[in-house]
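Novice: Sequence:
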Amino acid sequence: MLDEKAKKKLLQYIPHPINICGVKDGDEVNGFTLSWMTQASFKPPMIVIGVRQDSRSHAAIEASQVFAVSFLEKTQQNIAETFFQPQRRVENRFGEYEFYLSEIVGCPVLKAALGYVECQVKGILKEGDHSIFLGEVVGAQLHREGDPLWLKDTKWQYGG
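If you read the sequence shown in the numbering used here, its first letter stands for residue 1, the second for the next number, and so on.
Simulated from the structure, these hints should not be mistaken for laboratory data. All values derive from a computational prediction rather than experimental measurement. Every residue gets a Cβ at the ideal spot worked out from N, C-alpha and C, and that includes glycine. Please note that a few of the clues may not be correct.
[Claimed, not checked] Pairs of lysine-lysine residues, derived as DSS-like cross-links and limited to a Cα-Cα distance of at most 30 angstroms, are as follows:
1. K111 to K74
2. K7 to K74
3. K5 to K155
4. K111 to K9
5. K43 to K5
6. K111 to K43
7. K111 to K7
8. K152 to K74
9. K5 to K111
10. K8 to K111
11. K126 to K43
12. K8 to K126
13. K74 to K9
14. K126 to K5
15. K122 to K155
[Claimed, not checked] Quick list of simulated restraints, FRET-style, between CB atoms:
16. Q141 to A6: 12 to 22 angstroms
17. D153 to G123: 38 to 48 angstroms
18. P86 to K152: 38 to 48 angstroms
19. K111 to F42: 26 to 36 angstroms
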């Protein structure tokens, strides 16, 4: 028997980092707030991300087979809030946030982030309302050190 209250509470205990995922489709680039991510392998280094199937970002990752994750600092909740909604690119900015294209896969990364990883998609699992993208980490850059932003640091309730 599935106890819905227990399921919701227990799934909310899973730690969720809050980051920005940069995507591209041809010359178009965008970013979205990413809260479902974890490391999946040491050798080769791989991460998995969960992306809503009906989003433009999902389609962009499927088409390009690449993505980049900009790691936010604990004090950057405002950036995560901005990327809850689609952002319009104006030159090298999404709203007030500057980005540049990652060196290897060419996806946008935020200059203000702690750093980023860039990934090549190695597999996709399409089940439920989100797809799981398995990405091999092919590049990484640390801009600076700091405390990462976690869902528990916010008032948001996501998951369960």
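Novice: All hints, please: hold or fail.
Specialist: Hints, one by one, checked against the model:
Our distance criterion of 30 angstroms between C-alpha atoms is met by K111 and K74, whose separation comes to about 16 angstroms. Among the hinted pairs, K7 with K74 is consistent with the structure: their alpha-carbon atoms are about 27 angstroms apart, no more than 30 angstroms. With a CA separation close to 19 angstroms, the supplied pair K5 and K155 stays within the 30 angstroms bound. Taking the CA atoms of K111 and K9, the gap is near 35 angstroms; set against the 30 angstroms cutoff, the hint is violated.
Of the supplied pair hints, the one linking K43 and K5 is violated, its CA atoms being roughly 38 angstroms apart against a limit of 30 angstroms. Annotation: proposed proximity of K111 to K43 holds, straight-line Cα distance about 28 angstroms (limit 30 angstroms). Distance hint between K111 and K7 is unfulfilled; the C-alpha atoms sit about 38 angstroms from each other, more than 30 angstroms. A distance of roughly 10 angstroms separates the Cα atoms of K152 and K74; the hinted pair therefore holds under the 30 angstroms criterion.
For the given pair, K5 sits about 40 angstroms from K111 by alpha-carbon distance, which is inconsistent with the 30 angstroms threshold. Distance hint between K8 and K111 is unfulfilled; the C-alpha atoms sit about 35 angstroms from each other, more than 30 angstroms. This hinted pair checks out: K126 and K43 have alpha carbons roughly 24 angstroms apart, not beyond 30 angstroms. Pair hint K8 plus K126 holds up; C-alpha atoms about 22 angstroms apart against a cutoff of 30 angstroms.
Pair hint K74 plus K9 holds up; C-alpha atoms about 23 angstroms apart against a cutoff of 30 angstroms. Restraint check for K126 and K5: the C-alpha separation of about 26 angstroms stays at or below 30 angstroms, so the hint holds. The straight-line distance between the Cα atoms of K122 and K155 is roughly 34 angstroms, outside the 30 angstroms bound, and the hint therefore fails. As the Cβ distance of Q141 to A6 is approximately 41 angstroms, the hint placing it in 12 to 22 angstroms is violated.
Checking the proposed 38 to 48 angstroms range against D153 and G123 shows it is violated: the Cβ atoms sit about 31 angstroms from each other. Our hint of 38 to 48 angstroms for P86 and K152 is violated, since their Cβ atoms are close to 26 angstroms apart. Between K111 and F42 the Cβ separation comes to about 29 angstroms, which falls inside the hinted range of 26 to 36 angstroms.
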